[in-house]
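J.: Full structure from sequences and hints, please.
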Amino acid sequence: MAPNVFPVTCTDCGSPKQDQDLPCPNCGSVRTTVHAAARGQSFSSARATATVIPYSDTVYDSAELEQLGIKAVRPLTKSDLAYLAKSDLEMLRRSHERPAQRFNTLAKFLDLILKPDNAESAIVNLAELYERRLRADPSHAQRWLVAQVGWIVFGRAMDVFRHFMRARAGK
Amino acid sequence: MGDLGRFELPVLAAVARLRGNAYGVSVMDEVSKREGREVSYGAVHVTLDRLMAKGFLTSKMGEPTPERGGRRKRYFELTGKGEKALAAARSRYRTNFAGLNLKPAGA
Numbered sequence: 000m001a002p003n004v005f006p007v008t009c010t011d012c013g014s015p016k017q018d019q020d021l022p023c024p025n026c027g028s029v030r031t032t033v034h035a036a037a038r039g040q041s042f043s044s045a046r047a048t049a050t051v052i053p054y055s056d057t058v059y060d061s062a063e064l065e066q067l068g069i070k071a072v073r074p075l076t077k078s079d080l081a082y083l084a085k086s087d088l089e090m091l092r093r094s095h096e097r098p099a100q101r102f103n104t105l106a107k108f109l110d111l112i113l114k115p116d117n118a119e120s121a122i123v124n125l126a127e128l129y130e131r132r133l134r135a136d137p138s139h140a141q142r143w144l145v146a147q148v149g150w151i152v153f154g155r156a157m158d159v160f161r162h163f164m165r166a167r168a169g170k
Numbered sequence: 000m001g002d003l004g005r006f007e008l009p010v011l012a013a014v015a016r017l018r019g020n021a022y023g024v025s026v027m028d029e030v031s032k033r034e035g036r037e038v039s040y041g042a043v044h045v046t047l048d049r050l051m052a053k054g055f056l057t058s059k060m061g062e063p064t065p066e067r068g069g070r071r072k073r074y075f076e077l078t079g080k081g082e083k084a085l086a087a088a089r090s091r092y093r094t095n096f097a098g099l100n101l102k103p104a105g106a
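Taken in sequence, the protein lines are chains R and H. Read left to right, the first sequence gives residues 0 to 170 (numbering that gives the first Met the number 0). Read left to right, the second sequence gives residues 0 to 106 (numbering that gives the first Met the number 0).
Derived by calculation from the structure, the hints in this document are not laboratory data. No residue lacks a Cβ here, since even glycine has one placed at the ideal position from N, Cα and C. Keep in mind that a hint or two might mislead.
Said to hold, decoys possible - Beta-carbon label-pair distances, calculated as ranges:
no.	chain 1	residue 1	chain 2	residue 2	range
1	R	Val145	H	Ser31	18 to 26 angstroms
2	H	Ser31	R	Val29	37 to 45 angstroms
3	R	Arg142	H	Pro63	26 to 34 angstroms
4	H	Ala86	R	Ala146	33 to 41 angstroms
5	H	Phe6	R	Pro15	48 to 56 angstroms
To be verified - Simulated pairs of lysine to any residue, SDA-like, Cα-Cα distance not exceeding 25 angstroms:
no.	chain 1	residue 1	chain 2	residue 2
6	R	Lys107	H	Glu62
7	R	Lys107	H	Ser39
8	H	Lys53	R	Arg101
9	R	Lys107	H	Gly19
10	R	Lys114	H	Glu62
11	R	Lys107	H	Lys80
12	H	Lys32	R	Glu130
13	H	Lys53	R	Arg155
14	H	Lys32	R	Gly149
15	H	Lys80	R	Gly149
16	R	Lys114	H	Lys32
17	H	Lys80	R	Gly154
18	H	Lys53	H	Arg16
T.: Here it is, written out as structure tokens:
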């Protein structure tokens, strides 16, 4: 089990909990409060507390997510939400849907300008790296993706230009 | 034999080192590790293409990966020409640095 990244206490009796998955050793409640640092887009350093939803071993109960107005684009697994407080779920929804749409738009563009095999491998690699970026630094992931596609387009254009210049010089 | 560019050398060396598992991301990670700085995937992608055009690399498509919507990775391998270019670059470096007594970087 991964260690808790934020202090965790029982919502009902306030006792500290070692493992947010397990019932409280003091009162047996499964309700858990995670004392998480706020991670709003303004990068406020204020601290906030929020109650996490108790989850099953594999997947969050979709009814509970719907109650919160969360519509996931794919089934959310335990690892997606293990340390997320309710206040972060809206951010998760936003961070899952919009970047995926943007990625698909850029992927279609690469499909258009590159040869099929080249485009396919570029998209697979970019998807892997984009996921990595979204986990590490979601606020800059979009800009990073555009820069990578820009590099590829620029490099392709330079190769065409070099080829043209060489042909013109008769080499 | 065509000379290797400034960025082509580490990319070619990374493909040689990764033998069998050299695809875009793994090459980028290897170059970043060896160069000690973050390199851009776009730059690696373009360089791999150029090295193929120069005949230093060949590529083959891997198996479709279910987690990437059935898309395939492209794996790169060194050609004989690429191997010779790497060996030539190494011997050029050795010649250039022969007899120099330099302090290690950061000392």
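J.: Against the 25 angstroms threshold, does the CA-CA distance of H/Lys32 and R/Glu130 hold or violate the hint?
T.: Holds: H/Lys32 and R/Glu130 sit about 20 angstroms apart, inside 25 angstroms.
J.: Is the straight-line distance between the alpha-carbon of H/Lys32 and that of R/Gly149 25 angstroms or less?
T.: Measuring from Cα to Cα gives roughly 23 angstroms; hence the hint holds.
J.: When you check the alpha-carbon spacing of R/Lys107 and H/Glu62, does it fall within 25 angstroms?
T.: It holds: about 21 angstroms lies between the C-alpha atoms, which stays within 25 angstroms.
J.: At the C-beta level, are R/Val145 and H/Ser31 separated by a distance inside 18 to 26 angstroms?
T.: At 20 angstroms between Cβs, range holds.
J.: Holds or violated: R/Lys107 with H/Ser39, Cα cutoff 25 angstroms?
T.: Status holds; Cα separation ~21 angstroms.
J.: Please verify whether H/Lys53 and H/Arg16 have alpha carbons no more than 25 angstroms apart.
T.: holds, 19 angstroms
J.: Could you tell me whether the CB distance from H/Phe6 to R/Pro15 stays inside 48 to 56 angstroms?
T.: holds, 52 angstroms
J.: Take the C-beta atom of R/Arg142 and the C-beta atom of H/Pro63, compute their distance, and say whether it sits inside 26 to 34 angstroms.
T.: Holds, at about 30 angstroms.
J.: Starting from R/Lys107, check that the Cα of H/Gly19 is at most 25 angstroms away, please.
T.: violated, 29 angstroms
J.: For the pair supplied as a hint, H/Lys80 and R/Gly154, confirm whether the alpha-carbon distance does not exceed 25 angstroms.
T.: holds, 23 angstroms
J.: Check whether the Cα positions of R/Lys114 and H/Lys32 lie no farther apart than 25 angstroms.
T.: violated, 29 angstroms
J.: Tell me if the straight-line CA distance from R/Lys114 to H/Glu62 falls inside 25 angstroms.
T.: With Cα atoms ~18 angstroms apart, R/Lys114 and H/Glu62 stay inside 25 angstroms; holds.
The structure is inconsistent with the numbered hints 8, 9, 11, 15, 16, although it conforms to all the rest.
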